[in-house]
Amino acid sequence: MRLRIRPVDTTFYDLFTESANHLVTGAALLAEMLAVGALHEDVARRMREAEHAADETTHAIVRRVNSVFVTPFDREDIYSLGSGLDDIMDLMDEVVDMILVYEVKVLPPELSDQVQVLQRCAELTAAAMPNLQSMKSLEEYWIEVNRLENEGDRNHRRILAMIFSGEFKAVEVLKLKDIVEALEAAIDGFERVANTIEQIALKES
Amino acid sequence: MRLRIRPVDTTFYDLFTESANHLVTGAALLAEMLAVGALHEDVARRMREAEHAADETTHAIVRRVNSVFVTPFDREDIYSLGSGLDDIMDLMDEVVDMILVYEVKVLPPELSDQVQVLQRCAELTAAAMPNLQSMKSLEEYWIEVNRLENEGDRNHRRILAMIFSGEFKAVEVLKLKDIVEALEAAIDGFERVANTIEQIALKES
Amino acid sequence: MRLRIRPVDTTFYDLFTESANHLVTGAALLAEMLAVGALHEDVARRMREAEHAADETTHAIVRRVNSVFVTPFDREDIYSLGSGLDDIMDLMDEVVDMILVYEVKVLPPELSDQVQVLQRCAELTAAAMPNLQSMKSLEEYWIEVNRLENEGDRNHRRILAMIFSGEFKAVEVLKLKDIVEALEAAIDGFERVANTIEQIALKES
Numbered sequence: 001m002r003l004r005i006r007p008v009d010t011t012f013y014d015l016f017t018e019s020a021n022h023l024v025t026g027a028a029l030l031a032e033m034l035a036v037g038a039l040h041e042d043v044a045r046r047m048r049e050a051e052h053a054a055d056e057t058t059h060a061i062v063r064r065v066n067s068v069f070v071t072p073f074d075r076e077d078i079y080s081l082g083s084g085l086d087d088i089m090d091l092m093d094e095v096v097d098m099i100l101v102y103e104v105k106v107l108p109p110e111l112s113d114q115v116q117v118l119q120r121c122a123e124l125t126a127a128a129m130p131n132l133q134s135m136k137s138l139e140e141y142w143i144e145v146n147r148l149e150n151e152g153d154r155n156h157r158r159i160l161a162m163i164f165s166g167e168f169k170a171v172e173v174l175k176l177k178d179i180v181e182a183l184e185a186a187i188d189g190f191e192r193v194a195n196t197i198e199q200i201a202l203k204e205s
Numbered sequence: 001m002r003l004r005i006r007p008v009d010t011t012f013y014d015l016f017t018e019s020a021n022h023l024v025t026g027a028a029l030l031a032e033m034l035a036v037g038a039l040h041e042d043v044a045r046r047m048r049e050a051e052h053a054a055d056e057t058t059h060a061i062v063r064r065v066n067s068v069f070v071t072p073f074d075r076e077d078i079y080s081l082g083s084g085l086d087d088i089m090d091l092m093d094e095v096v097d098m099i100l101v102y103e104v105k106v107l108p109p110e111l112s113d114q115v116q117v118l119q120r121c122a123e124l125t126a127a128a129m130p131n132l133q134s135m136k137s138l139e140e141y142w143i144e145v146n147r148l149e150n151e152g153d154r155n156h157r158r159i160l161a162m163i164f165s166g167e168f169k170a171v172e173v174l175k176l177k178d179i180v181e182a183l184e185a186a187i188d189g190f191e192r193v194a195n196t197i198e199q200i201a202l203k204e205s
Numbered sequence: 001m002r003l004r005i006r007p008v009d010t011t012f013y014d015l016f017t018e019s020a021n022h023l024v025t026g027a028a029l030l031a032e033m034l035a036v037g038a039l040h041e042d043v044a045r046r047m048r049e050a051e052h053a054a055d056e057t058t059h060a061i062v063r064r065v066n067s068v069f070v071t072p073f074d075r076e077d078i079y080s081l082g083s084g085l086d087d088i089m090d091l092m093d094e095v096v097d098m099i100l101v102y103e104v105k106v107l108p109p110e111l112s113d114q115v116q117v118l119q120r121c122a123e124l125t126a127a128a129m130p131n132l133q134s135m136k137s138l139e140e141y142w143i144e145v146n147r148l149e150n151e152g153d154r155n156h157r158r159i160l161a162m163i164f165s166g167e168f169k170a171v172e173v174l175k176l177k178d179i180v181e182a183l184e185a186a187i188d189g190f191e192r193v194a195n196t197i198e199q200i201a202l203k204e205s
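Residue numbers (the UniProt record's numbering), protein chains in the order written: chain A, 1 to 205; chain B, 1 to 205; chain C, 1 to 205.
Heads up, a few of these hints could be off.
[Unchecked claim] Result set (DSSO-like, lysine-lysine): computed pairs, CA atoms no more than 30 angstroms apart in a straight line:
| id | chain 1 | residue 1 | chain 2 | residue 2 |
| --- | --- | --- | --- | --- |
| 1 | C | 177 | A | 105 |
| 2 | B | 203 | B | 105 |
| 3 | A | 177 | B | 136 |
| 4 | B | 177 | B | 136 |
| 5 | C | 203 | B | 105 |
| 6 | C | 203 | C | 105 |
| 7 | A | 169 | B | 105 |
| 8 | B | 169 | A | 169 |
| 9 | C | 177 | A | 169 |
| 10 | C | 203 | B | 203 |
| 11 | C | 105 | B | 169 |
| 12 | B | 203 | A | 203 |
| 13 | B | 105 | C | 177 |
| 14 | C | 105 | B | 177 |
| 15 | A | 203 | B | 177 |
| 16 | A | 203 | A | 105 |
| 17 | C | 136 | B | 177 |
| 18 | C | 177 | C | 136 |
| 19 | A | 169 | C | 105 |
| 20 | B | 136 | B | 203 |
| 21 | C | 105 | C | 177 |
| 22 | C | 105 | A | 177 |
| 23 | C | 177 | A | 177 |
| 24 | B | 203 | A | 177 |
| 25 | A | 136 | A | 203 |
| 26 | A | 203 | C | 203 |
| 27 | A | 177 | C | 169 |
| 28 | B | 169 | A | 105 |
| 29 | A | 177 | A | 136 |
| 30 | A | 169 | C | 169 |
| 31 | B | 169 | C | 169 |
[Stated by the list, open to error] Covered stretches of chain B (in silico footprint by chain C; criterion: 3 or more residues with CB under 8 angstroms from a CB of chain C, positions within the stretch not fixed):
| id | region |
| --- | --- |
| 32 | 168-180 |
| 33 | 184-194 |
Read the hints as simulated data drawn from the structure, not as lab findings.
Every residue, glycine too, gets a C-beta built ideally from N, C-alpha and C.
So that you can see chain A by itself, here it is in the shape it has in the complex (with noise of 0.2 angstroms):
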């Protein structure tokens, strides 16, 4: 038997559950921005709302990050994975703000590709946090946002080469790139995110 040595603090695992489900909040609030006849200000607005909720958490983290003498593992391990977290949040907070901005009013149908492995990726998230005070049944969940990034990756090398076709004008071009490359990025969020919680597995284990 082995023993804890730490004490046990769940607050931790409790605060990064919150913050990935602000993101299965935020992967959800993109796929109405991107439905046909979505009310674009009112989305926005309610993004904006999902990711001050989300900075809020994130602030948690750091203040007991700072604050507590004992934490369940690395400082900046915590430190990386809640600033990990809130980077998904910003970046399709991002996304949302510049559809309204640049009044991108026809969005191509390929985008809700992206939106969908986003929604998988914060899912599988959200459930996988709890798992980190046990570090079990973690792999399956690495796998998985492993592969998701694989699949988000070949949808963007399609939707760039579908923008850059010839089918829209500059402008449109340049617009639709930004938005793109935001979500691609959200999605490589996500696999720097399972990259945080595989190098703490390995530490702990």
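Use these hints to put chains B and C onto chain A, whose structure you have.
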């Protein structure tokens, strides 16, 4: 009475003040560059000189942090602050350089709003640096820099919308987008510096 | 005589040399991709293989730094160097990929100047890596990489000005800009690696 364990070494405060003063110079040169009838080549040459001078200060900070035994606050925080200030100078230099290399002849007057925000941020930061020693009167500085960053963010969205409104040709959109994004990144840089200082103050308190 | 406290473990030097050699391969593939009549699909496939091989080396470095008790220099420096080399490979791969995905048919010959700078940087870096053990003969390498980065910077500005001169259509400008910026970022990556090595040498001296 709290005894001071660390000896007082004011060199770091002086160097950070010097670094922030380079940003005051940089922001003033940006304002000159945007003025009607500006001699772009000449302003760009002076900006290059200011950027080199800022590099010297950054190197002096890094050399000092690597060579002295006792530092007034954590080495990584000194490094963060030094590189954070340096990044802003690089972005200001980049803006001037893009105007020159892209041969942008007519700059929308709205860009001046962002340069004014930058000038105000630079002045506030330069005024705050000597207060790092006592850690006093920093709160007003944070609040004001955060307020300015919000203002800059609103300006940024308004300018982007204007650029994409259809008034400009695609290649001009591409040029202007790069320039306004670098201005926005410079403003964000000041917020990051303010956050670093807040972190340092929290640890010291 | 200075006694050596740390045992000699040459694995890291071998791995860094291997990593830099992948960059020599990558730069050669870039040169092939830019040649008139290049079979883009075929070169891209080989670049993907080279990038995977480079990933393997990076993972070997990370695994080793996490598993061994004694490292020849600071763990974070080993990590910086490993990820710095890996970033350059990613950028080279990105350039090849963009040429393929954007379906860029005619590449301005000026891009070859940047690829030649990259080839020279890669060769110098690969030659310098074995010298990390003795920390000898590194100064020439730094100076030359810095000189090449300056040359690359001048090329970059010249190429950007050419792209924006009005000769190219907006969508072509957009494609070429992405490509030349990734080339420039790869050259910057070599300077960053040289700076990391300089830091390591300073600490060891």
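- Message: Holds or violated: residue 169 of chain A and residue 105 of chain C, Cα atoms, limit 30 angstroms.
- Response: With a Cα-Cα distance of about 19 angstroms, the restraint between residue 169 of chain A and residue 105 of chain C holds, given a limit of 30 angstroms.
- Query: Does residue 203 of chain C pair with residue 105 of chain C here, judged by a C-alpha cut-off of 30 angstroms?
  - Reply: violated, 48 angstroms
- Query: Are the Cα positions of residue 105 of chain B and residue 177 of chain C separated by 30 angstroms at most?
  - Reply: holds, 20 angstroms
- Task: For the pair we were handed, residue 203 of chain C and residue 105 of chain B, check the Cα-Cα distance against 30 angstroms.
- Result: violated, 48 angstroms
- Item | Satisfaction of hint between residue 105 of chain B and residue 203 of chain B, Cα-Cα up to 30 angstroms | With a Cα-Cα distance of about 48 angstroms, the restraint between residue 203 of chain B and residue 105 of chain B is violated, given a limit of 30 angstroms.
- Pair hint outcome, residue 203 of chain A versus residue 177 of chain B [Cα-Cα no greater than 30 angstroms]: Answer violated: residue 203 of chain A to residue 177 of chain B is near 44 angstroms, above 30 angstroms.
- Task: Decide if the proposed pair is consistent with the structure: residue 105 of chain C and residue 169 of chain B, CA atoms, cutoff 30 angstroms inclusive.
- Result: holds, 24 angstroms
- Task: Mind checking the alpha carbons of residue 177 of chain C and residue 136 of chain C for me, to see if they're no more than 30 angstroms apart?
- Result: violated, 39 angstroms
- Message: Hint check: residue 203 of chain B vs residue 203 of chain A, CA-CA at most 30 angstroms. Holds or violated?
- Response: Since the Cα atoms of residue 203 of chain B and residue 203 of chain A sit roughly 27 angstroms apart, the hinted pair holds (cutoff 30 angstroms).
- residue 203 of chain C and residue 203 of chain B: Cα distance at most 30 angstroms? Distance of about 27 angstroms is within 30 angstroms: holds.
- Query: Does residue 105 of chain C pair with residue 177 of chain A here, judged by a C-alpha cut-off of 30 angstroms?
  - Reply: holds, 20 angstroms
- Task: Below or equal to 30 angstroms on CA atoms is what counts here, so check residue 136 of chain A against residue 203 of chain A.
- Result: Given that 30 angstroms is the threshold and the Cα spacing comes to 14 angstroms, the pair holds.
Taken one by one, the earlier hints fail for this structure at numbers 2, 3, 4, 5, 6, 15, 16, 17, 18, 24, 29 and 33, listed in ascending order.
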